[in-house]
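2 protein chains.
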Amino acid sequence: MTARAFGADEVILAGDRDPSALETWDSVTERFGGDFQSRFEESPMSWLRKESKSGEITIVHLTMYGQNWTTSVPSISTDKPAVVVVGGTKVPAEVFHLADHNISVGNQPHSEVAALAVFLDSWLGSIDEESKFTGAQMKVIPSTKGKVVINSDED
Amino acid sequence: MTARAFGADEVILAGDRDPSALETWDSVTERFGGDFQSRFEESPMSWLRKESKSGEITIVHLTMYGQNWTTSVPSISTDKPAVVVVGGTKVPAEVFHLADHNISVGNQPHSEVAALAVFLDSWLGSIDEESKFTGAQMKVIPSTKGKVVINSDED
Chain C
0 MTARAFGADE VILAGDRDPS ALETWDSVTE RFGGDFQSRF EESPMSWLRK ESKSGEITIV
60 HLTMYGQNWT TSVPSISTDK PAVVVVGGTK VPAEVFHLAD HNISVGNQPH SEVAALAVFL
120 DSWLGSIDEE SKFTGAQMKV IPSTKGKVVI NSDED
Chain Z
0 MTARAFGADE VILAGDRDPS ALETWDSVTE RFGGDFQSRF EESPMSWLRK ESKSGEITIV
60 HLTMYGQNWT TSVPSISTDK PAVVVVGGTK VPAEVFHLAD HNISVGNQPH SEVAALAVFL
120 DSWLGSIDEE SKFTGAQMKV IPSTKGKVVI NSDED
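Protein sequence lines, in the order shown, are assigned to chains C and Z.
Counting in numbering that gives the first Met the number 0, the first sequence runs from 0 upward without gaps.
Counting in numbering that gives the first Met the number 0, the second sequence runs from 0 upward without gaps.
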């Protein structure tokens, strides 16, 4: 959901096959709009090797051991698609080598989700929610005090 | 841990009393340095009301229903301490009214932790890890390929 909110077009889940995660993401997209895809990948490393060989995408690996994001982000091309690898403790060492950029959002331990958000925000800039999340059933209107939601699905 | 990594001085846990969370945070601080405090608050709403009345702190509430962060952040004073309220679905409506600023990091559903990271990064700017996290036993050295960690606690 964080990937989606910060401008990603797709999330690929690896590791434990968790259908409820995919269902949640698809349900959020259905309600809040846009064209966000999600799928499970059985063999993430073979998939990543193939993508790496193709040379058609940039592989960014977010890790607390990588280069500082504030200095690295400007060197990452926005001309071709990128896959951003985030994971818990079990990311295979090979990912460090397949990655075009190993990037840390701070060299302190925190959260993969937080790192992804800060990275996407600094790489892509702010998302134009109006154009990115079209076809929404529910739309939150920014408010100083309280919840304002437009629900266009109330029949 | 995200609050700590992005420059907060303290985390106050409310809701479920979870000693293991506090232990983890203290352990990270011990290993990775700095002077980050953590505690559980039994009565978060009374505490927040008191802080609000004192007028000595700024209360920022992160919520997907709030005002856009990119336009709001410049108006938040950095001259006095702030408490940043983040929570799941159970944040009482009163928080909207106690807050000096109700701020959304995007009006899309995502993650409280991601919102906190992006907010702190945009409000405080990048942290100088050298000066913020002194006295560390372990220090990660930014690297292009692989893990480089200095462990000063190896006797």
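No lab work stands behind these hints, which were simulated from the structure alone.
There may be inaccurate statements among the hints.
Identical chains share a label here; the pair holds if one copy fits it or two copies do between them.
With a Cα cut of at most 20 Å, we get these calculated SDA-like pairs of lysine to any residue [claimed, not checked]: (1) LYS89 <-> GLU41; (2) LYS138 <-> GLY33; (3) LYS52 <-> SER121; (4) LYS131 <-> ASP25; (5) LYS49 <-> HIS100; (6) LYS89 <-> HIS100; (7) LYS138 <-> TRP122; (8) LYS89 <-> SER142; (9) LYS146 <-> HIS96; (10) LYS138 <-> MET63; (11) LYS144 <-> VAL10; (12) LYS79 <-> GLU9; (13) LYS144 <-> ASN67; (14) LYS79 <-> SER151; (15) LYS131 <-> THR77; (16) LYS89 <-> LYS131.
Here is how each hint holds up against the structure:
no.	hint	result
1	LYS89 <-> GLU41	within (15 Å within a copy, 36 Å between copies)
2	LYS138 <-> GLY33	within (12 Å within a copy, 41 Å between copies)
3	LYS52 <-> SER121	neither (27 Å within a copy, 36 Å between copies)
4	LYS131 <-> ASP25	within (15 Å within a copy, 40 Å between copies)
5	LYS49 <-> HIS100	within (17 Å within a copy, 47 Å between copies)
6	LYS89 <-> HIS100	within (18 Å within a copy, 39 Å between copies)
7	LYS138 <-> TRP122	neither (25 Å within a copy, 26 Å between copies)
8	LYS89 <-> SER142	between (41 Å within a copy, 19 Å between copies)
9	LYS146 <-> HIS96	between (46 Å within a copy, 12 Å between copies)
10	LYS138 <-> MET63	between (35 Å within a copy, 11 Å between copies)
11	LYS144 <-> VAL10	neither (33 Å within a copy, 25 Å between copies)
12	LYS79 <-> GLU9	within (15 Å within a copy, 41 Å between copies)
13	LYS144 <-> ASN67	between (37 Å within a copy, 13 Å between copies)
14	LYS79 <-> SER151	neither (35 Å within a copy, 42 Å between copies)
15	LYS131 <-> THR77	within (17 Å within a copy, 32 Å between copies)
16	LYS89 <-> LYS131	neither (32 Å within a copy, 28 Å between copies)
In this structure, the hints that do not hold are numbers 3, 7, 11, 14 and 16, in rising order.
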